[in-house]
Every structure is written in C-alpha cells, then in structure tokens.
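Chains as they are written, first to last, in numbering that gives the first Met the number 0: chain A, 0 to 332; chain B, 0 to 299; chain C, 0 to 376.
Be careful, since some hints might not be right.
[Stated by the list, open to error] Heads up, simulated DMTMM-like pairs for lysine to aspartate or glutamate below, C-alpha to C-alpha not over 20 Å straight-line:
| no. | chain 1 | residue 1 | chain 2 | residue 2 |
| --- | --- | --- | --- | --- |
| 1 | B | K117 | B | E161 |
| 2 | B | K117 | A | D185 |
| 3 | C | K261 | A | D99 |
| 4 | B | K117 | A | D270 |
| 5 | C | K375 | C | E245 |
Just so you know, the hints here were simulated from the structure itself, not pulled from any lab data.
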Amino acid sequence: MRRVTIEGFAEIPPVDRDLDHDEVEGVRITTAGALEQAGLGRDDVDFVCSGSCDYVMGRPFSFAMAVDGIGAWPPKAESHVEMDGAWALYEAWVALQCGDIDVALVYAFGRSSLCDVGEVERMVLDPYTLAPLGIDSLSLAALQARSLMEAGASERDFANVVARNLRAAGEAVDVQTLLAAPLVRDPLRAHDGARRTDSTAAIVLRADGVGPAITGIAHAVDAHHPGMRDLTRAPSAAAACAAAGGTRGVEIAELHTPYAHQDLILRRALDLSEAVQINPTGGSFVADTPMVTGLARIGAAARAVREGAGKALAHVTAGPLLQQNLVCVLEAS
Amino acid sequence: MDRSRFVAPFVLQYSYKRSLGPVLSQFATALRDGRILGAVGSEGRVLVPPVEADPATGASVGRLVEVGPAGTVMSWTWVEEPGDTDPLDRPFGWAAIQLDGASTQLLHAVDVARDALKVGLRVQPRWSDERSGTILDIACFEAVGATVVIHPSEGEPVTCFEAPTRIGYTVFAGAVTADFLEALCEGRLVGRRCPGCQKVYVPPRGSCPTCALAMEEPVEVAQVGTVTAFSVVRIPFEGQRLEPPYACAHVLLDGADVPLLHIVGGCEVDDVEVGMRVEAVWADPIEPTLASIHFFRPVA
Amino acid sequence: MRPCAVIGIGQTHHAAKRPDVSMAGLVREAVLRALEDAGLDFSDIDAVVMGKAPDMFEGVVQPELYLAGALGAVGKPLLRVHTAGSVGGSTAVVATKLITSGVHERVLTVAWEKQSESNAMWALSQQFPFQPPTTAGAGGYFAPVIQEYIRRSGAPAHVGWQVAVKDRQNALKNPYAHLKIPDISLESVQASPMLWDPIRYLETCPSSDGACALVLSADEAGCRDPAWVHGTAIRSEPMLFPDRDEVNPRAGSDCARAVYAKAGITPDQLDCAELYVPFSWYEPMWLENLDLVESGWRAVDQGVTALHGRLPINMSGGVMSTNPIGASGMIRFAEAALQVRGRAGEHQVDGARLALGHAYGGGSQFYATWIVGSEKP
C-alpha cells in the first residue's frame, strides 16, 4: 500500500448554530485553510471527495451547492458519499492507492440547527418494522445502555465518561451533580448525549507527504436491527480496528460516541488500554456535527500526532447504536 | 442587520406508499390476523421481526414460523412524556422483547406501571381493534394475562402500507444571501464581484464557483437585461407560479456576468426570442425572495 | 494498478412500479442475478458499494444501513455513493478503484431507485427558503440548453424524434427495459404533447423502479467471458458561472478525453456506447461532447447510432426507456459490459469488443465514464 499522509486539516469551529457561514462559505474557508497548511494550491488537487446528508440539510442534491466552494474550474475529478466525511476520506485514500494521483481534498459539512437531527435518525431505521413505531434515538440508546447495565456497567460509569469528556473540554464538572440530574430515558440523562453542533471540516491527503501517515484505515458494518445484535458489543468496530492494524502503541484515541455509554463498548471493541488518552479535548462528545464529526476526529488525531504523539487512532460511527464503524490509525512520518 | 428577518420554516413531508414483497407481506397479513411470524435463518435461528435475508449469510430466508405471542423483556427504557409520534399518549416503556420461539428481539412499546417494567418481565401483545397489517396492529405489549383470541380477517393478503413522514426545518439565510434579500426588499438587485475573475454574480454566492474566493464587493445591477436562452413550459407541475404556456429563460441583467433563471411574461410566448431586452416586473409588497420579481417583460 | 474484471451483471425487470417487492427485494433481485452470473456467493465478496440518488425518493435516510443484511454486507466494508444522476456510474467507478488499488479482490456494487414509493416530481420541486424559485420543473433546465444546441447546429426538429424512436425500438429487444412501445414511430412522437419546447412527451425518460448490480474482480475468477475495465474517469464543474457552455460542458469532454487516455484509445476505436440520454436531444449533444462524431445531429439523422449502424448508441433502450434515477448510470456501465461479453442477446452489437459507458447528473455538471473491453488491458 502507498503511504498516504495528512498534510492539512481545517475546520469551522463547531457551534450550536452557525449564522456566520453558509455551506458554500464553510467549504471555501476550510478547503482553503487545509490547502494552505499543506502548502498546496487548488490546482495541485487531483481528486475531491465530500460527505454530507440531504435530509440533514433539508434538500436533495445538497452536496452540489457546496461544489462552488472548491472552485471546480477547470473541471475536477470529484465525488461524494452520503455519509460522514470520514468515508469520503476513505474513498480518497483508496483513490490514492491506485497510484495515478497524488493529492486529494476531502471535506464535509452538516448542521444540527436546521432540524431535530433525531427526526432524521428516525428515518434511518428499517422503514417496515422499526420506523413506523416512532421510536426515537434516545430511547434506542437507552435500550443499549440498559443492556450494558445488565452486563455489569453502572450509571456512575456513564457519568465518569461524561465528566472526563467535559473536563477535557475545560468545563468544571462533578460526577455527583451529574448523577443527581433527572433521568430522561432511564438509565440515560440529558447530558449523556453528545452536544450537537454545526460545522465544516476539510483535510488534504497526499501520497508520501511529510504529515502524519495513515498506517491503517478500515471500516465495517453490523446488522441493522438492534434486536438482532448484542448491543453491548460493536463487532464491526473490532473488525475495522483489526483490519487497520490494531491499537498496540496507540497513545491517543479520538472516539465518536453519540452517547457516553458507547465509550465503554468501544474501549473494549478497540482493545484500548487504560494508558490510552481518549478524547484529549472532549472530542465528538462536546461537538458532534452530523456528517462532519468523523472527519474531524481524523483531523484531531492527525493534530495529536503533529503535536507529538507517536501513534493516534480516530474512530467514527454511523447508523443506530454503533451499527457501522471506521477506524483510522495515524503515526508520525 | 437584523438577521432574524431571514428565518423561515420549511417542512419536508410525504406519505410514502411502501410495497412489502412476499416475506414482509406474510408478516403483515399475519399481524392483521393477530399472529406474529419470524423468519427461519441459518442454523435454525428465528429472526423477529422477519427479514428477507439472513444478516449472517446474505441468504434468502426460506420460510416463516409463528412465534410468541408471549415473550420476555430483555431491555427497556421509560418515556415519561410521550410526544406526537409515540404509539401511546400516556407514560410508557420501550422494550426489546424476545418472543417465545424467537432468537432475536422485537422492539415495541410496553404499557405497564413504571416499577413493573424490568428485564425478565413476561409480556404479551395487546392487539389494536383496527388492524391493517403493520407493526402497530400490536398497539403495545402488556403484562401476560388472559389469552386473547383473534379471529383471522379473511381478507386478501396485505401487500402494502402508507408511511407518513415529516421533518420540520428552521432555515436561516446565510449572510451573503441575507444581504441580497435585504436589498431586494428595497427593490434593488445587488450582486457581488469576485476579486479574482472580476465577474459579478447575481444572486451572489458564498464563494466564486470558479475561483473559490469570497465575493465581498457589492455591485448593483440593472433590472433590465437580455434573454440569452429560453424554452416554453407547456406542462403543469407542482409549485408553478404562472399558468402554462410561459417562457422560462436565462436573463443576463446589465452589469451581471451570470444569467438569472427566471420567467418571461407579459407577452405571447411566440414573441420571446434570444437577444430580447426585458425588464423586471415586481410584486407588491416585495417579499424576501426572487419570486418577488413576478417575471421579466419585454422592454417597451 | 491492477486490472479489474466485470464477472457478474444483474438487473431487475424495470417498471413504473414494482409493487411486488420491498426495497430489499428490489435490490436483491439485481444482486442475486449478478452473483449467480459470477458463479459466486455473498461469502466470496469482500466489500459492497451501493449507489442511489436523493433519499427523499424513498423516504429512508442512508438506506444502505437498513439494507446491510440484504446486501450481504454484515461484517464487511459498505459505502454509499451519491453524485446526483451520475451516481450509478460514479458508484461503479468507486467499486472499480477498490479492485485496481489492490484493497479488495471481489467487490459487489449495486445502484437502485424505488421512486414509485413517492413522486419524483415532488422530491425535485421542493422550494427551500431563500433559494431562487424553481421556474420550470426538471426538464425546464435542459430545454433552453437544447434550444441553444439546435440554434447553433441548425438541426432539424425530427432529430429528437429519431432518437426517441430508436431507443424505444431497441428497448423492445431488452427483456429488462421498462418502456415497451411496439408501435412507436416518428409520427406518434411528433403527435405527443409538447412539454418544454422542443421536448415532447415521447422524447422524455420514464420514471422507473429498478436496480442494477455488478460483481467486480481482480481476476477472471473462473469467468469465461469477463469484461475488462480499460479505464474510468469522473469530472465535475460548477453549474453556473460566466460564459459556461451548457450545451457542450467542458467537464463532459474532459471526462471523455481522460477515459480515452486511460484506455489508450481514440474514440473511433469504440464499437458502441451507452450514453446517459434522458431527453432525446442529448444523444446528438453528447455525441459531440464526447468527441464521438463531428456533427451529432447528422450522425443521428444518417442512422449512424442505430443498433446496426456504424456507432450504435443505447442498444439497451437507454435512459429514454428505463430510468430508476439512482440506477441509470450503472445500467449504462453494465450494458456496455454486456456488449463486450457478447451477452446482450437481441440487442447485441455484432463483434463488440470495446464499449463506453457514460453517466451524468446535476445541471450537466457531474460526469462518470468507463471503457470496457473483451481483452485484458
């Protein structure tokens, strides 16, 4: 496999509602920023790939409007996945493995402020036997959390995850206070869900560059119906991790956890020891933008490597209750 | 500028007509008849709800068998304040229920007292009086009790159902669009010039599409322009503003470098031609939308 | 780069509505046919790539997740591509790269649409706040562009009708095609209602439910007659910018030039092509855009693109006869592969050994192409 490196990463800082940038501006700014970090120009880009979701944006073909942000003139080789930008990065990595191109630009955009993202998540469910029930994401997450408790986890374990993430983000948090908050979906409390945001992110990949190198990247998916899976496990995360080379030597892990209890599941699935620092700045838990969070996790892991970590891991998830997972392992060049 | 002026609701809603196919049709018909079926997958696992392919192998499912009606709660949560889309209108639980004879769990609502809901609780379906062949033919599950007898309906197999969907959006116009719309509300068309290619875009964009640069310089353009391409629309379609036939056209306003896609009206469609000079005809009052230009009419 | 062989092809019987299947059933009809054609089982597949146009058509968000089991993808990598109308083609391109890159050995790819569950017109004409109003409906964007082609070229009106007749007559020879209009004629096309000048009703594509699947492999895998991918290319350009040539978009011609270069051929070496033609006039326009002929309308008028002409186009009946939006691009790619495998039955071009598959989408912005041949490159 060809050595692919992350040469640039830029994001619009996630906020509750971004009134300052529309999607096109966000793409323009972040792609320009990532290219500048990489020391490259738009004309150096051989392939562009993006991730976004029509229903999150409320419009069909919503990716098309963002193409104006990259200046596709002269015409560019450009593609799109209706998935988190992390999978667009995967597609770009594959394209670089083909050997006939050297530079790829990846971006993703999304908003939590346009609609209740939970309503979009409800429409991800099997349209025949799950969606008609009207069951919401928080209830599904609670079923998973309950399963974990049946297997020995406690509400305190969940609160510890929340506290660790919020403290890493600079907030003063007390586990007792967290546990005193009311349950909204027994055993979950409002703070057990990641904070949803708006943002845009972009990454520049290069074959044989000088930035953090992708030493492994892989993804897999599990069965869809929550009742057909052991919700205390994430086999596709474990499979992706193994295919990406495993976690030996990983110092920092950026985990994508829409709900705090999923941290426990992923530690086990990814075989992360206590020595691994998880979400050093609070990660996706404090800023979860649909379709962007995953790409931003890879960017954050790359930043960690640039700032001195020898080996870092980014994990990304999609679908209900960790149904689909991607793992990307980065090492210093 | 007061950005709250450019906020608008938008609703995406549609009632989809879903066809079931042979496997789910059997499941739906059985529900209407007060029975629950599961699909026999690999190694004799009984998958509930039934699926057309065994997730473990991808193989097509061969046959369905009856399961339940009773089952065991394997996981649960509680909804203290039900919403519009919930199946019950009083506090209730969601549960993953392993029906007797099934290898997997069915998700459904459970109507019991909160302190009665626990892993291990034995439950049975409470059937809706009106059943049409959907998962909500089971109104919910309740604690096991007296056996309920359901008489099969004798109707044709259920082959389809309707699935209403609705998502509400709150849309804020981006700053660039808001500026354009604010000027438009004053009856002015103000585009922006790209500092790279020097071209003027109306309406302005958050990025010059060819240069990927921010367009900051406002440029007011004329409300008069030239038709550069057109066609005549002769069929009705949803959201149409004028009655067909009418001309849809590319109008290049004087001062702009990209055409507006709009409508030419106020004349016979046969009189519209490429090169024609046209001027904007405004609505009164002007709303923050390009539709406030009703159409472009030939310059007298 | 490793070679990539197409060793299995499957499609559904496309129709206005497929009320006999669920979404999983529709997708599996094509997938199972492709696997059977390849002589393989789901367990032989390393990865799955699914393509589909906007989720509003079916009202299921990210349907590959609900379909993971039906696609045999559990435990495997699963991607979902969405590039508007070109998606079926760009999905096949992504799948091809998974092979040529060396990442996987066997990839299943499928593109589909079950748009009868809603109304494609509804999905395409939603007026989002603060956006310019939709003035003309889906065909309304293309009609002024077609008028401009006619103005530039001086083409006579009957050229569009000729394409409409040719494609529907070809469709009669394709067991999977949706529209079957045995009595179609120049007269019946000319007599059909005008929708957007100059496009008449019988010059437009239908709305279809359907799916198309391919099995791609790094080697023949025991297949006696694989199609080999000789090259792929994708290109995009912005929809609206000054002096944009919408009649002959550069992204389309750049894409063609790139795929010919990858395949090491000149366009005159092609034996036939499946081009994405949703409205009749796009055949002459794409013939020129793809550098296949000097004058597109003259080629049509002279019968060059007929099934037994010098350069047959859309032997399958094309998008004009079958249009499940998410699948159409892959159907083009698949039909090109069927031709060079000699498996196109009644709509086979004799001796076809090199064929082009082409897909486009958006405001003529997004292009995906591949060239397939009977010989290993």
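B:K117 paired with A:D270 [C-alpha distance capped at 20 Å]: violated (31 Å)
Pair hint outcome, B:K117 versus A:D185 [Cα-Cα no greater than 20 Å]: Holds, at about 11 Å.
Pair hint outcome, B:K117 versus B:E161 [Cα-Cα no greater than 20 Å]: violated (33 Å)
Satisfaction of hint between C:E245 and C:K375, Cα-Cα up to 20 Å: This hinted pair is violated, its Cα atoms lying about 36 Å apart.
Hinted pair C:K261 and A:D99, Cα distance within 20 Å: Judged against 20 Å, a Cα distance of about 10 Å means the pair holds.
In summary, the numbered hints that this structure violates are 1, 4 and 5.
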